Amino acid sequence: MTGPVTRTIARVAPLFFVATTALLVAPLYPWLGDSIEPRVLGLPWSLVYVLLVIVVNAVALTGLYMARVVDAREDEGDGGGHG
Amino acid sequence: MGSALIFGYLGFALVLGIWAGRRGSGGSDDFITGERSFGPVLMYFVMGAMVFSAYALLGTPQRVMVKGSDAFYALAYGAVAFVPIFFFGARVRRIGAREGLVTQAEFFGARFASRRLTAIMGLASLLACVPYIVIQFKGAGIVMQQVLGWDPVLGAAVVYAVVTLYVMFGGMRGVGWTNVLQGVVMLAVVWWLGLEIPQQLFGGVGPMFDRVIAERPEYLTLPGPAPGTSDAQWSAEVLLSILGFTMWPQVFMKCFTARSARLVQHSAVVYPTFLLFLVPLFFLGYAALLLPGAPKDERVLLWLVGHPSLAGGELMTACFSLAVLAASMSTGDALLHGGSSIFVRDVLIKGAGLQLSERVQTWTLRITVVVLGVLGLWMMSLAGRWSLVDLLLLAYAVPVQFLTITLLGLYWRRANGVAAVGGLCAGLGLVIALFAASKLAPTVYAAINPWDLQIGVLGLVVNLAVMVALSLATPPMAKSHLQRFEL
Numbered sequence: 001m002t003g004p005v006t007r008t009i010a011r012v013a014p015l016f017f018v019a020t021t022a023l024l025v026a027p028l029y030p031w032l033g034d035s036i037e038p039r040v041l042g043l044p045w046s047l048v049y050v051l052l053v054i055v056v057n058a059v060a061l062t063g064l065y066m067a068r069v070v071d072a073r074e075d076e077g078d079g080g081g082h083g
Numbered sequence: 001m002g003s004a005l006i007f008g009y010l011g012f013a014l015v016l017g018i019w020a021g022r023r024g025s026g027g028s029d030d031f032i033t034g035e036r037s038f039g040p041v042l043m044y045f046v047m048g049a050m051v052f053s054a055y056a057l058l059g060t061p062q063r064v065m066v067k068g069s070d071a072f073y074a075l076a077y078g079a080v081a082f083v084p085i086f087f088f089g090a091r092v093r094r095i096g097a098r099e100g101l102v103t104q105a106e107f108f109g110a111r112f113a114s115r116r117l118t119a120i121m122g123l124a125s126l127l128a129c130v131p132y133i134v135i136q137f138k139g140a141g142i143v144m145q146q147v148l149g150w151d152p153v154l155g156a157a158v159v160y161a162v163v164t165l166y167v168m169f170g171g172m173r174g175v176g177w178t179n180v181l182q183g184v185v186m187l188a189v190v191w192w193l194g195l196e197i198p199q200q201l202f203g204g205v206g207p208m209f210d211r212v213i214a215e216r217p218e219y220l221t222l223p224g225p226a227p228g229t230s231d232a233q234w235s236a237e238v239l240l241s242i243l244g245f246t247m248w249p250q251v252f253m254k255c256f257t258a259r260s261a262r263l264v265q266h267s268a269v270v271y272p273t274f275l276l277f278l279v280p281l282f283f284l285g286y287a288a289l290l291l292p293g294a295p296k297d298e299r300v301l302l303w304l305v306g307h308p309s310l311a312g313g314e315l316m317t318a319c320f321s322l323a324v325l326a327a328s329m330s331t332g333d334a335l336l337h338g339g340s341s342i343f344v345r346d347v348l349i350k351g352a353g354l355q356l357s358e359r360v361q362t363w364t365l366r367i368t369v370v371v372l373g374v375l376g377l378w379m380m381s382l383a384g385r386w387s388l389v390d391l392l393l394l395a396y397a398v399p400v401q402f403l404t405i406t407l408l409g410l411y412w413r414r415a416n417g418v419a420a421v422g423g424l425c426a427g428l429g430l431v432i433a434l435f436a437a438s439k440l441a442p443t444v445y446a447a448i449n450p451w452d453l454q455i456g457v458l459g460l461v462v463n464l465a466v467m468v469a470l471s472l473a474t475p476p477m478a479k480s481h482l483q484r485f486e487l
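First to last, the sequence lines map onto chains A and B. Going by my numbering, the residue at position 58 of the first sequence is 58; the numbering climbs one at a time, nothing skipped. Going by my numbering, the residue at position 7 of the second sequence is 7; the numbering climbs one at a time, nothing skipped.
Be a bit skeptical, because a hint or two may be false.
One side only, chain A facing chain B, incomplete, derived with CB under 10 Å [said to hold, decoys possible]:
| no. | residue |
| --- | --- |
| 1 | P4 |
| 2 | R7 |
| 3 | L61 |
| 4 | V70 |
Using C-beta positions, here's what the derived DEER-type ranges look like [to be verified]:
| no. | chain 1 | residue 1 | chain 2 | residue 2 | range |
| --- | --- | --- | --- | --- | --- |
| 5 | A | L15 | B | G149 | 52 to 58 Å |
| 6 | B | M1 | A | V48 | 36 to 42 Å |
| 7 | A | V48 | B | S357 | 53 to 59 Å |
| 8 | A | G3 | B | A446 | 53 to 59 Å |
| 9 | A | V48 | B | K439 | 39 to 45 Å |
Hints in this document: simulated from the structure, not taken from any laboratory. Just so it is clear, the structure is predicted and the values come from calculations on it, not from any experiment. For every residue, glycine included, the Cβ atom is placed at its ideal position computed from N, Cα and C.
Please work from the sequences and hints to get the whole structure.
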């Protein structure tokens with residue numbers, strides 16, 4: 001997968017993870033995540049919220065990996081390849 | 001039952017580690033990177049088991065007991081911790097294989113054409129590694145004391161004699177294959193206990209949290225129990241951990257062990273499944289919180305699994321002891337292995353310019369593993385007089401200083417050797433000076449750092465400013481050199 005779309009996704013991807021990091025710190029975490037309710041499967045929201053961010057990041061990383069948009073060049077062999 | 005399981009486990013780990021080491025050529029490249037041959041299963045467990053230490057296993061429930069939901073910070077920073085490796089890991093793997101580089105300091109020494117940089121990074125890495133090694137020893141010592149009644153230093157010595165042997169003779173392959181064993185043990189035991197104990201004591205995880213909400217709701221949100229964690233403290237903890245995590249030499253070095261560049265990215269993709277290992281530890285922390293008389297130190301989980309109201313307590317204690325040993329050994333072996341690799345390759349060969357034959361290099365690596373093990377034991381025996389928490393404060397502040405070199409070195413063509421050395425020295429110098437001031441002259445420290453900001457972050461800001469300024473003020477490196485590093 002190459003071309004302008006790939007390049008755009010590769011450039012935007014770090015910003016996505018900056019955004020999900022922002023979800024985990026002040027002011028967003030205290031505002032959105034730091035509460036007991038709503039509970040999910042009996043767990044408090046403060047824990048579920050962090051788990052959801054992990055899931056979102058994992059899905060995003062999987063998508064980027066499968067789509068081969070971030071530095072997906074294959075190896076050229078140990079020590080014997082070139083640039 | 002406990003002693004038989006522990007000695008059986010140690011024996012099996014020893015045989016497995018040494019057997020794995022015999023699969024390679026036995027040279028120094030084999031010792032340090034396993035000849036860059038690790039597939040997806042080995043990479044998964046090497047990354048996961050290395051990260052989850054005895055500190056995570058014993059310290060996470062303790063943190064719930066003391067600070068409540070502040071303990072979730074480990075999960076929060078873990079959510080992003082491996083993302084940087086996804087972006088730069090493949091490139092590091094490719095360049096490392098092409099240029100024959102096997103350690104983090106060697107990599108950036110080559111990028112910036114500076115042996116001095118390699119030596120400084122190597123020494124700083126060793127400084128950061130030692131307190132972390134001591135913590136792993138402490139975890140092993142606690143288990144051996146609990147199960148066998150041994151003195152913790154003697155217990156740690158026995159466990160780490162096994163680890164030292166399989167790292168010496170198994171090298172990276174020994175570390176990798178034993179990490180598979182240790183990872184499986186940790187995941188299985190922790191998930192089993194994390195679900196079984198709340199089930200037996202409270203009728204399940206949900207009913208347990210009903211009780212926490214009714215009796216100790218302040219433990220489920222920030223700031224938590226007094227004195228509490230402010231939003232700013234929580235954010236600083238999460239951000240500093242994210243920034244520093246992949247800069248730890250033993251983490252960064254794993255980019256060199258993968259069979260391919262894509263596999264490094266794959267490791268970052270699957271890592272969150274290992275991260276979920278922390279969830280049952282939170283459950284266990286909250287279970288202990290609800291029981292009267294629970295200790296608030298790192299022994300809380302061993303106390304919980306031996307609680308008289310639990311059926312099968314002996315089996316639980318034995319299995320949990322194995323999990324702690326696995327956590328301690330899987331991180332301790334990576335640290336001993338990484339520390340010896342750094343000392344020999346970065347400090348002796350690159351820094352001091354020693355010319356060592358392949359055979360001498362391999363044996364020096366092995367002897368350094370023993371020396372680091374003895375040093376760790378010695379420091380553990382002094383732990384009563386030395387505050388481990390204080391040393392860890394310094395240890396965490398050091399690898400963060402490598403962030404500027406990594407990001408600017410990989411992505412900014414203007415960054416050069418003079419700037420890299422200048423920035424790193426400024427950052428490390430400030431961190432060490434502030435640390436010393438905080439211990440020796442607290443009033444001076446309070447005047448310099450009135451908001452008690454993390455010393456690692458302060459060092460990083462100075463480091464970045466110096467590196468950018470010097471890079472712009474001095475000539476860039478040759479284009480032909482930069483091309484070797486995909487710039």
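Status of each hint after checking the structure:
With its C-beta approaching chain B no nearer than about 20 Å, A/P4 sits outside the 10 Å limit, and its interface hint is violated. For A/R7, the interface hint is violated, the least distance from its beta-carbon to any beta-carbon of chain B being 14 Å, above 10 Å. Checking A/L61 against chain B by beta carbon gives a least distance of about 5 Å; that is within 10 Å, so the hint holds. Interface restraint check: A/V70 against chain B, minimum CB-CB distance 6 Å, threshold 10 Å, status holds.
Range check, A/L15 to B/G149: Cβ separation about 56 Å, and the 52 to 58 Å hint holds. Our hint of 36 to 42 Å for B/M1 and A/V48 holds, since their Cβ atoms are close to 37 Å apart. Between A/V48 and B/S357 the Cβ separation comes to about 57 Å, which falls inside the hinted range of 53 to 59 Å. For the pair A/G3 and B/A446, the supplied restraint of 53 to 59 Å holds, since their beta-carbon distance comes to about 56 Å.
Between A/V48 and B/K439 the C-beta distance comes to about 40 Å, which sits within the given range of 39 to 45 Å.
Figure legend: structure checked against the earlier numbered hints; hints not met, in rising order: 1 and 2.
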